[in-house]
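Participant: Here are the chains, one letter per residue:
Protein chains: 2
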Amino acid sequence: MHTLTKQPTSFLDAITGPAELKQMSVEDLQKLAGEIRHEIVSSLSRTGGHLASNLGIVEITLALHRVFNTPQDQILWDVGHQAYVHKMLTGRRNRFDTLRQFKGLSGFVTPVESEHDAFVAGHSSTSVSLAVGMAIARDHLKQDHKVIAVIGDGGLTGGMALEAINHLGHIQKNVLIVLNDNEMSISENTGGLALYMKRIKETFFYRDIKEKLDSIEGSLDKVQLTAGIWDMILEVKKQAKERFDTPGIVFEKLGINYSGPIDGHDVDAVVQAFEAVKDKSAPQIVHLITCKGKGYQPAEDDSIKYHGVPAFSLEPQLSEKVDESPKPKPKTYSDVFTQALIDVAKDEPNLVAITPATAEGSGLVKFGKAYPERFFDVAICEQHAVTMAAGMAKAGLKPVVSIYSTFLQRAMDQVIHDVAILNLPVVFGVDRGGLVEDGETHQGVFDIAYLRSVPNFTVLAPKDAAELRDMVYTAVKESKGPVAIRFPRDKAVGATADGEYSGTPSNQPRLIEPTRWEILQPGVTTKKDQKPAVILAYGSMVDMTRQALETFESAEKPTLVNARSVKPLDVSLLGELLRDGHDTFITIEEGCLSGGFGAAVLEWMSTAGQEITDGLPRVIPIAIPDQFVEHGARAILLDLNGLSKEKIAQRIEKVLKK
Amino acid sequence: MHTLTKQPTSFLDAITGPAELKQMSVEDLQKLAGEIRHEIVSSLSRTGGHLASNLGIVEITLALHRVFNTPQDQILWDVGHQAYVHKMLTGRRNRFDTLRQFKGLSGFVTPVESEHDAFVAGHSSTSVSLAVGMAIARDHLKQDHKVIAVIGDGGLTGGMALEAINHLGHIQKNVLIVLNDNEMSISENTGGLALYMKRIKETFFYRDIKEKLDSIEGSLDKVQLTAGIWDMILEVKKQAKERFDTPGIVFEKLGINYSGPIDGHDVDAVVQAFEAVKDKSAPQIVHLITCKGKGYQPAEDDSIKYHGVPAFSLEPQLSEKVDESPKPKPKTYSDVFTQALIDVAKDEPNLVAITPATAEGSGLVKFGKAYPERFFDVAICEQHAVTMAAGMAKAGLKPVVSIYSTFLQRAMDQVIHDVAILNLPVVFGVDRGGLVEDGETHQGVFDIAYLRSVPNFTVLAPKDAAELRDMVYTAVKESKGPVAIRFPRDKAVGATADGEYSGTPSNQPRLIEPTRWEILQPGVTTKKDQKPAVILAYGSMVDMTRQALETFESAEKPTLVNARSVKPLDVSLLGELLRDGHDTFITIEEGCLSGGFGAAVLEWMSTAGQEITDGLPRVIPIAIPDQFVEHGARAILLDLNGLSKEKIAQRIEKVLKK
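Order-wise, the sequence lines are chains G and L.
Counted from 1, the first sequence has number 465 at position 435 by the numbering used here; the numbering is strictly sequential.
Counted from 1, the second sequence has number 490 at position 460 by the numbering used here; the numbering is strictly sequential.
Treat the hints as calculated values from the structure; they're not laboratory data.
Be a bit skeptical, because a hint or two may be false.
What the simulated footprint calls covered on chain L by chain G, stretch by stretch (three residues with Cβ under 8 Å from a Cβ of chain G suffice, anywhere in the stretch; the number is not a length) [what the hints assert, rightly or not]:
no., segment
1, 43-52
2, 146-155
3, 167-178
4, 649-656
On the chain L side, residues computed to face chain G include the following (Cβ under 10 Å) [as the list claims (entries may be wrong)]:
no., residue
5, Ala161
6, Val395
7, Gly426
8, Tyr480
Ideal Cβ placement from N, Cα and C applies to all residues, glycine included.
Isolated chain G, as found in the complex:
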């Protein structure tokens, strides 16, 4: 039974800032670690959040704040979702009940929130580059403080982290890399480097050659040797030690001094390791072995499940509440996407699915179980994922890349240079397209704009579950070039928990014409000699607009179009509407205004559209304004950005009145 009872928090209560840690005994620090763990589990049971990674980094965080002095010393937390303990120790403990709530504590680090947060971080693998930049700045400005990058073994698979380590090895700046190695990023970790680090831990391979040398030396004691021979033997030992007697030889060869591996849950050992490198001027990496979910048995047993959790009840037994809901949950778009892939894979033997370490979040792990041989989790390597898919497509496979909108930004060049130029049939499942609760770093609001500027691309978004299924089916079966299908992090419209999709005659996927739009509801107007306004809604906004129109009381009703393809536009339908006399168009999309779907319609109206009509039709784009969007519940953020059904209704009424 993983229940949690009220425990004392005497040590934690005494902490007002990092300074107090410096006075505490190691034993007390270890007790404090226990209290912090308890508080994290208890707190996240109410708010949800990144549980396992924060349980794993308690002692490392305590040791960092014990040995170093923030905010003078700068700690760069890679990804930032591992910084809850850091937040607790730097004056934010009493706000934990607001974690990830609108206007509450951010789920990541951000200097806006505290001077102890040296930078913002939501995406992986940025910390070493930031540290190198800050170390150069420190030296240039003749300052004297430590710059520390805390990165996980998962973050280390990201190309830019490797670029930064390579550069750091070259310029030899005073940077400390703290490698928090728990053998997994979000999913299980991938890569030669991960295997290598695993080998370090398992075998400590360097020991046996040292033992062998010692043994020879012992035996030689028994025979008579000249001084010269002894010198040589010592020299060999010295060289062996210098060059090979380190498990971190790869890092050493790249110019980063390595120490470890060290038990990352032994506060004393971690403090000592940091003390030992604290005053070194050359770059250092300290390799700490931790256990994700440490100290909370369900999370230790399944840290993937407990990576990010919704709020949960602690009693009765957690697992029942977190995982085994008594009744099945409504399907999300991610679920529908994965199921569609699994279904079409049956008769498409060359379909393969690729994910850059988001197999769980995207639900694609289910595909991996169904087709392990056709499933590729490449770790946090968005660039490699996309270009590898391009190579696969060129060589005759049908690759599908499942990727979050915000992470696809990392592979923009690969999308253009490797996929689009050769017009390769790679299907992109762009998950989390739109607003998400995670805040500025994770908003999926740019994909419509940047994907539609790439020649050869088809950019789709479904109005509901059945359409997503059919888009996936059609894209896999028929597409001759790259296709992106974007969908939000939300329950899928029309999907029931039992896997049926409303509005479809059968549950079989169908070939559709996804680049043709459909008129869902013809409008009515009372204005003489005029045609109703036309609403062109894209993806998630189709159903939202439908709901908005239901609240309408006026006799005036606009025509509602499911504009499911932002590229190409359905210019045939647009042309018809123009010829038919429609002169007011409203576009609605869950993406940035700048360069988005609205801009696409405006561009067309101002060029090809101008050949059709002499009039100048009005086009009013409704989209996300030009600013970063904070964290908070999706419903709040949609409303804040004018995309709730209420705000949409108000805006449409205003347009119609004009």
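Given chain G, work out where chain L should sit, using these hints.
Facilitator: Then chain L, alone, in the frame of chain G:
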């Protein structure tokens, strides 16, 4: 004297395809290498192109085609500009005079041109990802051929190449990586990995421990040892050999079998190395040491200068023609940008400049000479460059990133996530913004669209040299957030060879208001009660439009505005123009139509603009259509895309007539 006389080409003449290479003796291959070198120098002296890298890879290419069989075996040429020899050997020799000419031979590889080109490549570091994808496809499709990635030591610094090697080490696919190591990318190479590989070559460090062991063994012969001790010594030697007796230990540890280093100009040795790994099923890396510019003395001496060369005359002495022009050349925008940086750096001690391996192309090498301590060439690491700059800005420096438009695509996420969210004052000099002769992979046409969709960004483009200088000065002095200044690869308007800029009272940089547009020429109209059309020209198109308007014969003349800021728009001027009754606007930009400057004006007119006027102003965007642009002279490509002065004039006249 580096003159070139006509030489026999009997071996080269006999080659109709790779098959013939398999019959030739090694001696004849070496002779063929000489003929190919001669032909490359001779041919590039007429067309220009990538000289040094192709001279360096002659023997490797011969050996590849000797041992492997394209197009069945797939060779992925990283970057692709090193593939001239490959092109000569695969049926394209007789088209070399058209190299990089419009409708001529591409300067890179592309399957559109030959089945022997397995993929397209123009950007660096993609080959291993492609190879991994193609190897997975091969195995899945039960095919049987070799997949080979040919990558330089420069390409290996790119994060995505490291991502791919890491993944390859994990999945252990049959891929051969040919590492063409000439110790430089375009500029001199940077990074711990480069230093490591250099050490491999210089010291072959593993040898001395082996020698020491041998020596001990020899000495021990002289004393009496038991059999058990001998066994131990042999075991130590075996372990030392297995584990350490390889210079490629870093690759080995990542799971890639290493062989080398091998002299890459010894055809026989290279052929043998390829034969040795040909039938291995695990991933292999063969490390070949080459000399860029091999066989052509001026290029060997200065391979950076000869990286990419314009057409040159072979007699008299090359160096005079290529480099020491009798009179100074007109300054390019790159020159002006670098000079502006050097000038402002004088009284801005915290200004630092960063380049991802394009110091020569961008002219920034001159800044590096003036301020070596403030100059950072991070190798081919666009992502790291941008995030490092973000760290620098946060820590108090004034970083300026000089980067080509096409390569900035690689750092899109870093621009958003690391620079823009915190609104950090990083200045981007976006070089090669617009059309370039290099073709699809290098066109800098997307930056306006993707940068302007990022909140907090200012996106500028100067109309001439003096304005570029003033923009740089103002951005460095005054900007509080990220600023991008884009300029084309072209002679700078108004710059003379002696460094004076026309149109400015003095040659001192001035603070300007770069986000305010300026009316350059007021228009005239003969239409009663109407206002002239307004042309909003951006960056390079300001002068082009000015020239177009000069050819106008009609009495009707539009107003010409230098719309130097695409973000923010000068909404104050736009509002004035609307209130003043102007109702026709033409935007002109050297960027993609989708989401570009025209879209920005359309968006504003359809939202804020609608609050100002009851009318519906016409906005006609002139921009690059939605397709990839091939290679050819810039003037040709501009005309092809409607952006020559003739095409602009025609288009404007058409609009005015409507």
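Participant: State for each hint whether it applies.
Facilitator: We went through each hint and held it up to the structure:
1. 43-52: Violated: only 0 residues of the segment 43-52 of chain L have a Cβ under 8 Å from chain G.
2. 146-155: holds (count 5)
3. 167-178: holds (count 4)
4. 649-656: Coverage by chain G holds here, the residue count being 4 at a Cβ distance below 8 Å.
5. Ala161: holds (7 Å)
6. Val395: violated (18 Å)
7. Gly426: At 6 Å from the nearest chain G Cβ, glycine 426 of chain L passes the 10 Å test, so the hint holds.
8. Tyr480: At 5 Å from the nearest chain G Cβ, tyrosine 480 of chain L passes the 10 Å test, so the hint holds.
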